[in-house]
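J.: Letter 146 of the sequence shown, counting from 1, is numbered 146 in my numbering, and no numbers are missing.
These aren't lab readings, by the way, just hints derived from the structure by calculation. Please note: incorrect hints may appear among the correct ones.
Said to hold, decoys possible - For each label pair, taking beta carbons as the anchor points, the in silico distance ranges come out as:
(1) A293 x T35: 51 to 57 Å
(2) N282 x A141: 29 to 35 Å
(3) T35 x W191: 34 to 40 Å
(4) F3 x P262: 46 to 52 Å
(5) M36 x E113: 21 to 27 Å
To be verified - In silico lysine-lysine, DSS-like type, Cα no more than 27 Å apart, as pairs:
(6) K295 x K258
(7) K31 x K165
(8) K31 x K15
(9) K295 x K268
(10) K258 x K165
(11) K268 x K258
We treat Cβ as the ideally placed atom computed from N, Cα and C, and that holds for glycine.
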Amino acid sequence: MLFLVNRVAEAVAEKYPDKAVETLAYQWTRKPPKTMRPRPNVIIRLCSIECCFAHPLAECDQEANRRFVEDLRGWARICDRLWVWNYVTDFRHYLLPFPNLRVRNDNIRLFAENHVRGVFEQDTYNTPSSELAALNGYITAKFLWNPDYDEDTAINEFLEGYYGKAAPFIRRYIDAIHDRVAEENIHMTIWVPPTHPHLTDELLVEADALWQHAEDAVRDDAVLLRRVRIGRISVDYAILERARVAPAAEPLASLARKRFEPFFAALKISGLTRIREWNELNVDEYRSGLARALKLDE
Numbered sequence: 001m002l003f004l005v006n007r008v009a010e011a012v013a014e015k016y017p018d019k020a021v022e023t024l025a026y027q028w029t030r031k032p033p034k035t036m037r038p039r040p041n042v043i044i045r046l047c048s049i050e051c052c053f054a055h056p057l058a059e060c061d062q063e064a065n066r067r068f069v070e071d072l073r074g075w076a077r078i079c080d081r082l083w084v085w086n087y088v089t090d091f092r093h094y095l096l097p098f099p100n101l102r103v104r105n106d107n108i109r110l111f112a113e114n115h116v117r118g119v120f121e122q123d124t125y126n127t128p129s130s131e132l133a134a135l136n137g138y139i140t141a142k143f144l145w146n147p148d149y150d151e152d153t154a155i156n157e158f159l160e161g162y163y164g165k166a167a168p169f170i171r172r173y174i175d176a177i178h179d180r181v182a183e184e185n186i187h188m189t190i191w192v193p194p195t196h197p198h199l200t201d202e203l204l205v206e207a208d209a210l211w212q213h214a215e216d217a218v219r220d221d222a223v224l225l226r227r228v229r230i231g232r233i234s235v236d237y238a239i240l241e242r243a244r245v246a247p248a249a250e251p252l253a254s255l256a257r258k259r260f261e262p263f264f265a266a267l268k269i270s271g272l273t274r275i276r277e278w279n280e281l282n283v284d285e286y287r288s289g290l291a292r293a294l295k296l297d298e
């Protein structure tokens with residue numbers, strides 16, 4: 001692949017000496033070559049799609065992460081124009097809690113230390129209001145601007161500014177879902193399902209209570225209440241989708257019935273158009289299918 005890209009780049013340079021040619025180091029093209037080198041006008045964009053994103057890329061004990069970091073360092077040694085395509089959401093379940101906030105600046109620092117010149121943090125690019133979307137956008141901007149910006153400062157200043165008095169409860173929720181993956185050494189790719197072990201029924205019951213406290217704290221502020229309700233749909237989605245698998249199992253069976261209508265009310269005001277990358281959301285079909293699975297029509 002690099003031989004072809006170099007030949008194209010050579011031809012481009014003759015007519016457009018100020019332009020660059022980009023190629024992906026992606027899956028079967030990801031490993032750096034032993035002897036061939038990219039031309040000066042070739043950009044290599046290295047992709048991390050196979051990795052675990054519950055832990056920093058350089059610290060995770062998964063073989064996929066070890067190989068990615070090895071390839072990153074290999075390309076850094078031979079390439080002057082190295083970019084990274086990184087992933088920061090669950091593309092199969094845009095709304096599912098995805099506890100990766102504690103790895104975001106570690107990963108960007110890793111890229112900076114290896115002379116990466118450009119980073120694309122691929123998030124939910126084709127719909128608003130995915131899981132903690134506003135917070136994710138904020139910390140992406142903060143860490144890309146300054147990879148050494150303090151993680152807790154970034155999270156707290158956003159929560160306090162965006163959610164007001166609800167912030168402490170949402171912070172406790174964020175800590176709870178992140179503590180679980182840290183304490184149990186749970187790995188997550190970008191396609192994990194609602195039944196993945198990073199979530200448990202008990203954790204979701206706790207999360208639901210924290211989001212209820214968050215709502216109660218801003219009950220008299222319509223703007224903040226709307227933001228909290230949109231943020232809460234992530235936990236509601238996890239509750240409902242896990243209950244879909246076992247609709248009679250407590251404690252989620254009762255909680256799913258309770259949260260069904262508030263979830264769809266918040267979904268309506270959220271502007272969300274997809275719950276996964278590759279399909280547009282038909283709310284009526286999704287609602288009726290979920291109601292049947294949860295046996296709400298009985």
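J.: Next, verify each hint and record whether it holds.
T.: These are the hints, each one checked on the structure:
At about 56 Å, the beta-carbon gap between A293 and T35 stays in the expected band of 51 to 57 Å. Taking 29 to 35 Å as the suggested C-beta distance range, the pair N282 and A141 conforms, at roughly 32 Å. Evaluation of the 34 to 40 Å hint for T35 and W191 yields a pass: the beta carbon distance comes to about 35 Å. Here the CB-CB span from F3 to P262 is close to 57 Å, at odds with the stated 46 to 52 Å.
Against the hinted window of 21 to 27 Å, the Cβ-Cβ separation of M36 and E113 comes to about 25 Å, which satisfies the hint. At roughly 13 Å between alpha-carbon atoms, K295 and K258 fall within 27 Å of each other, so this suggested pair holds. With a C-alpha separation of about 48 Å, the suggested pairing of K31 with K165 is violated against the 27 Å cut-off. Restraint check for K31 and K15: the C-alpha separation of about 30 Å exceeds 27 Å, so the hint is violated.
A distance of roughly 22 Å separates the Cα atoms of K295 and K268; the hinted pair therefore holds under the 27 Å criterion. In summary, the hint linking K258 to K165 is supported, as the alpha carbons are separated by about 25 Å, within the 27 Å threshold. Note on K268 and K258: the hinted pairing holds, with a Cα-Cα distance of about 17 Å set against a maximum of 27 Å.
Checked against the numbered hints listed earlier, the structure breaks hints 4, 7 and 8; every other hint is satisfied.
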